[in-house]
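Colleague: Full structure from sequences and hints, please.
Protein sequences, first through last, are from chains P and S. Reading the first sequence from the start, the letters are residues 1 to 166 in full-length UniProt numbering. Reading the second sequence from the start, the letters are residues 1 to 375 in full-length UniProt numbering.
Take these hints with a grain of salt, some might be off.
What the hints assert, rightly or not - Once the Cα atoms are required to be at most 35 Å apart in a straight line, the calculated DSBU-like pairs of lysine-lysine come out as:
#	chain 1	residue 1	chain 2	residue 2
1	P	Lys3	S	Lys40
2	P	Lys3	S	Lys250
3	S	Lys109	P	Lys3
4	S	Lys36	P	Lys3
Stated by the list, open to error - Covered stretches of chain P (chain S as the covering partner; in silico rule of three or more C-beta atoms under 8 Å from a C-beta of chain S):
#	region
5	5–14
6	18–27
7	98–112
As the list claims (entries may be wrong) - Some chain P residues flagged as far from chain S (calculated, every beta-carbon gap over 12 Å):
#	residue
8	Ala31
9	Ala53
10	Gln64
11	Met81
12	Lys119
13	Asn132
Honestly, the hints are just simulated from the structure, not real lab data. We treat Cβ as the ideally placed atom computed from N, Cα and C, and that holds for glycine.
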Amino acid sequence: MEKLLGEFSLGLFIFQTALFLLLLFLLKKYAWKPILNAVNDREEGIKNALDSAEKAKMEMQNLQADNQKLLQEARLEREAMLKEARDLKNKMIEDAKGEASTQASKIIEQAQAAIASEKQAAISDLKAQVANLSLEIAEKVVKEELSNKDKQLKLVESMLGEAKLN
Amino acid sequence: MQRNRIEKLVALFVLMLCFFSCDLEKQDEATKAAKKAERKAYIQHHLQDSYDFNLFSYTKDDGHKAHVGFPLPVILWDDGLKIFSSSKFHHGETVAEVGDSYYKLYHGKIYKTDAAGTINYDDEHHATNVKPLDFSITKGVVMILITGLLMFFLFRGLAKSYSNNGGIAKGVGRFFEPIILYIRDDIAIPNIGKEKYMKYMPFLLTVFFFIWFLNIFGLTPLGVNVTGNIAVTASLALLTFLLTNFTGTKDYWKHIFDPLGDSMPWYGKLPLYIILIPIEVLGIFIKPFSLLIRLYANMQAGHIVLMSLIGLIFLFRTWMGGAMSFGLAFAISLIEVLVALLQAYIFTMLSALYFGFAAETHDHAEAHEGEVQHL
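Modeller: Now the structure itself:
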């Protein structure tokens with residue numbers, strides 16, 4: 001202990017304390033504070049960057065999920081629209097078919113009515129002609145009858161044959 | 001290539017040792033004893049602070065010693081300020097005359113003497129002359145200044161490189177940045193806690209690099225032994241002591257003066273506290289004192305061992321002994337490089353631990369209990 005105290009130099013002690021304190025304050029101001037701040041800032045920056053990357057990843061995932069959902073919805077909608085269109089088409093065809101058939105039957109009916117009326121007209125015309133012809137024949141026959149009985153008969157017969165051909 | 005060079009170096013050293021040992025003739029017992037005493041004095045001298053920066057010394061042909069180095073200013077307070085160059089002492093061989101006072105260097109200390117330089121002794125052969133107040137710029141002070149300047153420019157450069165280089169260290173700072181981060185993440189934060197560590201960081205960083213650099217300087221052939229000087233370690237430990245106790249929280253003081261807290265009624269605590277409180281109060285002083293002695297003793301011991309082993313080369317004076325001593329000294333030097341770092345680490349670590357006690361708030365108290373026991 002005595003040796004230790006003997007070695008103790010007050011001058012060195014004072015110089016050491018003063019110089020060390022000076023060094024401490026200089027380094028604190030000009031070195032440690034800027035260094036630690038820079039390192040902290042850098043670490044903070046790295047942490048923030050990692051966080052934001054993670055966030056971006058999450059957002060990306062959300063976006064992808066949204067996209068998937070939208071796509072799914074769109075697909076369903078398309079499906080529905082196609083189905084509707086198909087149904088509409090079928091219905092239209094059905095309707096058209098129905099309408100066409102009624103129209104056709106109506107036309108046929110009209111045609112039939114027209115045919116019937118034409119036929120009626122033709123028959124009545126024929127009746128009139130037959131009546132006229134009969135009258136002419138009767139006239140001729142009467143005339144022939146009046147001249148030659150045989151000839152009159154022959155004429156009636158031939159006339160009738162002609163009339164039939166007509 | 002590298003290996004080849006090392007082999008060459010080893011061969012060179014062995015040759016040198018051989019030259020030393022072969023060159024010296026046999027000497028009788030008396031000169032041997034004298035040489036032994038000289039070596040002892042030499043080692044003692046080198047462990048001490050000195051008034052001049054001595055690089056090396058040798059004995060000239062005429063038997064006189066020649067010293068290579070440069071003198072440093074001596075500053076004394078002895079009836080007024082006295083400043084003179086240490087070259088006036090002529091390495092303790094002459095009396096320095098300053099004004100009308102005479103001073104003599106005796107065993108590394110300055111004593112006031114008469115014109116003849118008489119040193120008076122008491123019964124135990126201690127000098128009784130007056131020792132003037134001594135504020136000299138010694139070798140130790142010079143090394144502290146150099147280390148301080150080195151540290152300032154080194155870490156100022158590192159700090160600047162961050163702002164100039166977009167937050168990334170450049171050059172030699174790349175080596176020191178991980179160490180700074182280590183001190184922050186593995187010494188300061190675990191011991192002091194995340195909220196308060198910033199207050200102590202400048203001291204921890206400064207003390208770590210200061211001790212480490214001075215330890216490393218101590219291993220150079222300059223022969224400086226600053227961290228192995230009791231005044232320097234006492235100053236560092238005193239700063240730790242002051243910082244611990246001036247930043248101590250209420251909980252820190254409560255831990256010292258009321259360590260049992262509310263776990264016991266006052267009449268139960270009273271007999272325990274008669275023993276406990278003095279121990280706790282003593283602990284305040286023992287902690288920094290252990291820092292002081294640990295650093296001093298480790299560095300001092302390292303230097304003594306290293307110099308003794310080198311001294312063995314001159315003791316053995318044989319080829320084998322010289323080589324062996326060299327090998328041993330080399331191995332110890334390598335260990336000393338490790339010790340240099342280790343002692344800086346231990347000083348910083350323990351300072352941080354003591355600051356941790358001082359800064360603790362109650363919820364941390366339980367966590368630190370185990371560490372106290374451990375110490």
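Colleague: Does each hint fit the structure? Answer for all of them.
Modeller: Status of each hint after checking the structure:
1. P:Lys3 <-> S:Lys40: holds (16 Å)
2. P:Lys3 <-> S:Lys250: violated (39 Å)
3. S:Lys109 <-> P:Lys3: holds (13 Å)
4. S:Lys36 <-> P:Lys3: Roughly 21 Å between the alpha carbons, so the hint for Lys36 of chain S and Lys3 of chain P holds.
5. 5–14: holds (count 8)
6. 18–27: holds (count 8)
7. 98–112: It is violated, with 0 qualifying residues against the three required.
8. Ala31: Its Cβ does come within 12 Å of chain S, the nearest being 4 Å, so this is violated.
9. Ala53: holds (18 Å)
10. Gln64: Gln64 of chain P clear of chain S: closest Cβ-Cβ about 34 Å, beyond 12 Å.
11. Met81: Nearest chain S Cβ is 57 Å from Met81 of chain P, so the label holds.
12. Lys119: holds (111 Å)
13. Asn132: holds (127 Å)
This entry does not satisfy hints 2, 7, 8, going by the numbered hints stated previously.
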